[in-house]
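Protein chains: 2
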Amino acid sequence: MKKPIRNPRITASFQGEPGAFSEVAVRQLLGDDVDIFPCQRFTDVFDSLESGKVQAAVIPIENSLHGSVHENYDTLLHHDLPIVGETYVRIVHNLIAPPGVSFRQIRRVYSHPVALNQCLRFFEKHPQFEKEPFYDTAGSVKMLMEQNLTDSAGIASAAAAERYGGVILRKSIEDDRQNFTRFFLLKKKTSPADRSSKDPAVKWKTSLVFSTRNIPGALFRSLGAFALRDLNLIKIESRPLRGKPWEYLFYLDFLGHVDDPVSRNAIGHLKELADLLRILGCYPAGHV
Amino acid sequence: MKKPIRNPRITASFQGEPGAFSEVAVRQLLGDDVDIFPCQRFTDVFDSLESGKVQAAVIPIENSLHGSVHENYDTLLHHDLPIVGETYVRIVHNLIAPPGVSFRQIRRVYSHPVALNQCLRFFEKHPQFEKEPFYDTAGSVKMLMEQNLTDSAGIASAAAAERYGGVILRKSIEDDRQNFTRFFLLKKKTSPADRSSKDPAVKWKTSLVFSTRNIPGALFRSLGAFALRDLNLIKIESRPLRGKPWEYLFYLDFLGHVDDPVSRNAIGHLKELADLLRILGCYPAGHV
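First to last, the sequence lines map onto chains A and B. The opening position of the first sequence corresponds to residue 734 in our numbering, with each subsequent residue numbered one higher. The opening position of the second sequence corresponds to residue 734 in our numbering, with each subsequent residue numbered one higher.
These are calculated hints, taken from the structure and not from any lab test. Keep in mind that a hint or two might mislead.
Identical chains share a label here; the pair holds if one copy fits it or two copies do between them.
[Claimed, not checked] Below 27 Å or equal to it, Euclidean Cα-Cα: the simulated DSS-like pairs (lysine-lysine) are:
1. LYS968 / LYS1004
2. LYS938 / LYS921
3. LYS920 / LYS968
4. LYS1004 / LYS938
5. LYS858 / LYS786
Please put together the full structure from these sequences, using the hints given.
Structure representation (structure tokens):
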């Protein structure tokens, strides 16, 4: 008997329990035909890719309410793992309980404190619920399914409900619907396929990081490399450079493919001005 | 009998339990001679100042590991409460237990998940400890003192140990000592005393927020208002403008007093270019 021929499946790492919003990002970026490798810490996610244990890694980089995940920006800088994709996940919080448990039975609601705090209006409307902080959103659903709690619910993604067999009792109970998390897809090396697309509608983004000396106007001149070439900046963020007080790193995203001549010239121009310059990746722009 | 004459004490609000790192910031900014008004949510902190219930409010705005607290930047924009001071608090996590409880008795360690995650090396060295997520760092110490737990400790500030009568069993157990949180001091109105100082060594910072249309080079030209006058930018951060996709707000700090002629000219120049411009405050620069 012959074995069926299959494309080799890839494995993608992320931080959190299965069913976490990071797994939702994995599915948006790589589809359902991918194995997952959940990690406890962000550094484990990077290490699993670096060591070849997985072929892709997905990390949150920015949330529309809470801002950038600076820890991950810093760790990106300490690895040489290119960004090859991005996606935006809308953070939808659901009230999830084991099958058979009704809304009226619930007295305790478990979730990560950040998630609990993003559903305060829901708790104000239902003062009978006790908020119970838990390590992880998806992990709270896993725990109450394992322990078969009949007076408790968790707050997590629909993916967590599906993964652990929980029932969604109330959908989208978050206070603010403008709650998006942006994720990066990292690989160990960029393949030519990662930087090409047959779809002319694809817009490309390039992410880079640079530092300037702390002289007045240094940032202004650096941005000139882009402005004087009509390249559009999407995001810029400053970050203190560790161990060098009053010097800064700037993380910058601009619209453009890194191989376009105008982008290449802008990057060359920036190199003349910057102490440090690294291209973090070039990838199709995601949509909120 | 005459009542003793006293200066009116002011009350300052902050988010968290008494003993939270925000209370440490209150003490750094206003000294010990101040009453505190702890709030559950950041919006409560702003509202308490707006309504006149307190005379000062202290909010975290940025952490060296986690980045900006965007929620507070957004809320600043929706109120007219000037920033009149800033301070940096080093986040030192301590293992705290009720008096008489020894290190060897401890099995469970309670704290906010962010704090637990900032002490992972400590937990790796002591695998006998179960990590127990709790709502608040200081609140975990309050709880175990109230319940007089003899097998548990909390992770919180030294101020929390002092406030609740706990004993610090291990000092500074955080993984990363470069963990600082920057706090703003807000008042309802700026008084002339807030914007003057007899100390010639004081450096002044001005914080403002502006928006530009999404045209290439808009940010470059805006920064020109400062660069062409040799004013030094300290921090810049972009933030999507809610409800206006692809338009951005920029939060910017520069070194300079808002009443200096050169600052005034720069702000005037920026006004010509910006759709929106608001001065958030002018205050003596804090030190890490």
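Against the structure, the hints come out as follows:
1. LYS968 / LYS1004: both (19 Å within a copy, 21 Å between copies)
2. LYS938 / LYS921: For LYS938 and LYS921, the Cα distance is within 27 Å only inside one copy (19 Å; across copies 42 Å).
3. LYS920 / LYS968: Within one copy only: 22 Å inside, 31 Å across.
4. LYS1004 / LYS938: within (19 Å within a copy, 30 Å between copies)
5. LYS858 / LYS786: So LYS858 and LYS786 pass the 27 Å test across copies only (26 Å; inside, 46 Å).
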